[in-house]
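J.: One-letter residues, chain by chain:
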Amino acid sequence: MSDTPEVRPPTVTPVRVVIALCLIAPFVAMLWVGSYAKTDPAFIGIPFFYWYQMAWVLISTALTMTAYQLWRRDQRGRSSQKGGASK
Amino acid sequence: MNDGVNGVALGVFIFFFLAVTILGFLAARWRRADDEHSLDEWGLGGRSFGTWITWFLLGGDLYTAYTFVAVPAAIYAAGASGFFAVPYTILVYPLIFTFLPRLWSVSHKHGYVTTSDFVRGRFGSKGLSLAVAVTGILATMPYIALQLVGIQAVLDVMGVGGGEDTNWFVKDLPLLIAFGVLAAYTYSSGLRAPALIAFVKDTLIYIVIAVAIIYIPIKLGGFDDIFAKAGEAFSQTNPATGKPRGALAPAEAGQWTYATLALGSALALFMYPHSITATLSSRSREVIRRNTTILPLYSLMLGLLALLGFMAIAAGIKVSNGQLAIPQLFEDMFPDWFAGVAFAAIGIGALVPAAIMSIAAANLFTRNIYKDFIKPDATPKEETRVSKLVSLLVKVGALAFVLTMDKTVAINFQLLGGIWILQTFPALVGGLFTRWFHRWALLAGWAVGMVYGTLAAYGVASPTQKHFGGSAKEIPGIGEIGYIGLTAFVMNVVVTVVLTFVLKALKAPEGIDETSPADYTADAGDPGVQVELPPATAGSAH
Numbered sequence: 019m020s021d022t023p024e025v026r027p028p029t030v031t032p033v034r035v036v037i038a039l040c041l042i043a044p045f046v047a048m049l050w051v052g053s054y055a056k057t058d059p060a061f062i063g064i065p066f067f068y069w070y071q072m073a074w075v076l077i078s079t080a081l082t083m084t085a086y087q088l089w090r091r092d093q094r095g096r097s098s099q100k101g102g103a104s105k
Numbered sequence: 319m320n321d322g323v324n325g326v327a328l329g330v331f332i333f334f335f336l337a338v339t340i341l342g343f344l345a346a347r348w349r350r351a352d353d354e355h356s357l358d359e360w361g362l363g364g365r366s367f368g369t370w371i372t373w374f375l376l377g378g379d380l381y382t383a384y385t386f387v388a389v390p391a392a393i394y395a396a397g398a399s400g401f402f403a404v405p406y407t408i409l410v411y412p413l414i415f416t417f418l419p420r421l422w423s424v425s426h427k428h429g430y431v432t433t434s435d436f437v438r439g440r441f442g443s444k445g446l447s448l449a450v451a452v453t454g455i456l457a458t459m460p461y462i463a464l465q466l467v468g469i470q471a472v473l474d475v476m477g478v479g480g481g482e483d484t485n486w487f488v489k490d491l492p493l494l495i496a497f498g499v500l501a502a503y504t505y506s507s508g509l510r511a512p513a514l515i516a517f518v519k520d521t522l523i524y525i526v527i528a529v530a531i532i533y534i535p536i537k538l539g540g541f542d543d544i545f546a547k548a549g550e551a552f553s554q555t556n557p558a559t560g561k562p563r564g565a566l567a568p569a570e571a572g573q574w575t576y577a578t579l580a581l582g583s584a585l586a587l588f589m590y591p592h593s594i595t596a597t598l599s600s601r602s603r604e605v606i607r608r609n610t611t612i613l614p615l616y617s618l619m620l621g622l623l624a625l626l627g628f629m630a631i632a633a634g635i636k637v638s639n640g641q642l643a644i645p646q647l648f649e650d651m652f653p654d655w656f657a658g659v660a661f662a663a664i665g666i667g668a669l670v671p672a673a674i675m676s677i678a679a680a681n682l683f684t685r686n687i688y689k690d691f692i693k694p695d696a697t698p699k700e701e702t703r704v705s706k707l708v709s710l711l712v713k714v715g716a717l718a719f720v721l722t723m724d725k726t727v728a729i730n731f732q733l734l735g736g737i738w739i740l741q742t743f744p745a746l747v748g749g750l751f752t753r754w755f756h757r758w759a760l761l762a763g764w765a766v767g768m769v770y771g772t773l774a775a776y777g778v779a780s781p782t783q784k785h786f787g788g789s790a791k792e793i794p795g796i797g798e799i800g801y802i803g804l805t806a807f808v809m810n811v812v813v814t815v816v817l818t819f820v821l822k823a824l825k826a827p828e829g830i831d832e833t834s835p836a837d838y839t840a841d842a843g844d845p846g847v848q849v850e851l852p853p854a855t856a857g858s859a860h
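One line per chain: the protein sequences are A and B, in this order.
Per my numbering, the first sequence starts with residue 19, numbered consecutively.
Per my numbering, the second sequence starts with residue 319, numbered consecutively.
Since the hints were made in silico from the structure, they are not lab data.
On a predicted model such as this, the values are computed, not experimentally measured, just so you know.
Be careful, since some hints might not be right.
[To be verified] Computed footprint of chain B on chain A; a stretch qualifies when at least three of its residues, placed anywhere within it, have a C-beta under 8 Å from a C-beta of chain B:
#, stretch
1, 41 to 52
2, 58 to 69
3, 79 to 92
All residues carry an ideal CB built from backbone N, CA and C; glycine is no exception.
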């Protein structure tokens, strides 16, 4: 980003905000019980309350995986930048 | 209840049990290092486990036999409110994604074996470290006892638990044998035994769940029928409370309880010593982060398992003790041989966590009580010897607990244990991110949380119990019913923050921090981080 190698990358970057959102989203969804405390619509006979939460197992897994991939890219970017600065 | 012994199921059960016993003893030779007499070797499997072994180990560790019995039992008893285990395990993974890699790094850099090791190193306080260690041991003991309750449930349904009128020795003999075997191979193989057995356990569990979730609904006429019958059963008035037995979706009043239970339990899970033991045994920081993305597979399984509680209702299972509902469902629904496989899955499912828990409790005792307070110059060899002996003692204690006291006592203590262990969160996770908290403030916060949590839980009455009748109570100041552990945790944090300001103003001594910021992000392969650590020697590994 910056031309001057001694400038450290900022602590808060758009990528890191996305990572944080990925990790926070399950908390908002699961702790807001009122949003899913109902039985309809049912899915193959399973009331909404149950299949919705089980669907969130998959959604949160996808989100954590995304966070993991973004974080790895972020770390790689930073270490290569650091390597550039120290030469 | 079954009248006679189910011979086929018992035969299959014994077959699997023998197989894992052999595996348990062979485990001592698996991936063995040169120096087998260090605590790193015995208690952390040489800290060498990769992604998949860690996955099986953590899965085997966190999703215990008791979970398999208790979660559907809670659904069977009250419906929706028992399903909180699913959001709870959903929340665990984003949470540990943030702090567990830091704990791995700092532990690897300084040779920490337990969370108390870290707390002592970070805050320079043996008192705080002792508080964390004692809390860990207290919370783990009843958990081990509950694993035995899980095995007992299976033995009862197979007809070898004996009736009320059989002599106590005959009645408890199968349990004694199971535990003797477990104790022997844990003693000889350390953490490698449960790591290897976890493969068998999880494979069996996945097979059983997959079959159960397809086969039983077909036999019962599909999910529509199952939930229609369950809804009907829940709307019946319970004569003890005068209210309906349960509901298919939580009512307005129960939603706070549901959310606080999920959040509080998620915060508490990785404070348990056995979770940390399994985490620290992994090879690298990456292994842990990668695991947070694949461990949710177990949550999916847990959700499906919970649905078995509804199937038990729809199948007309009537048991006085809810713990027997699922084993009884398997017995009624499956052919005998497959019921045996299912029972073996639950039985082995008890052995893996029981082994890891006893190792974790033993490590805590050895490192943070024996070495810090009794014999500071203990050699690594002595440490390992003490740890092995304590792991035996812990198991004998748990066995005595289950055999001499009522089952509800173990369950009550387990409930308390969850509340207690959550009170170590500020010191541990707070400490991983900041050194701002004052060590004495953390200790005071912990004490407040422990006292409030215990008293509040003591005061909860249920139709069947005068005390410890549940884990939820009115939250002071909010008026909703919430998880006691979480309320105590909030009080803990408030006290810690306020006292930290006060103590800093008074310039109270802060203690020496032996860690540096870079330690928290170090990974295997970084300069100064050895892949194989030298034998654990407390406090001196720099």
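J.: If a hint holds in the structure, say so; if it does not, say that too.
T.: Going down the list of hints, with the structure as the test:
no., hint, verdict
1, 41 to 52, "holds (count 9)"
2, 58 to 69, "holds (count 8)"
3, 79 to 92, "holds (count 7)"
In the structure shown, no violation is registered for any of the earlier numbered hints.
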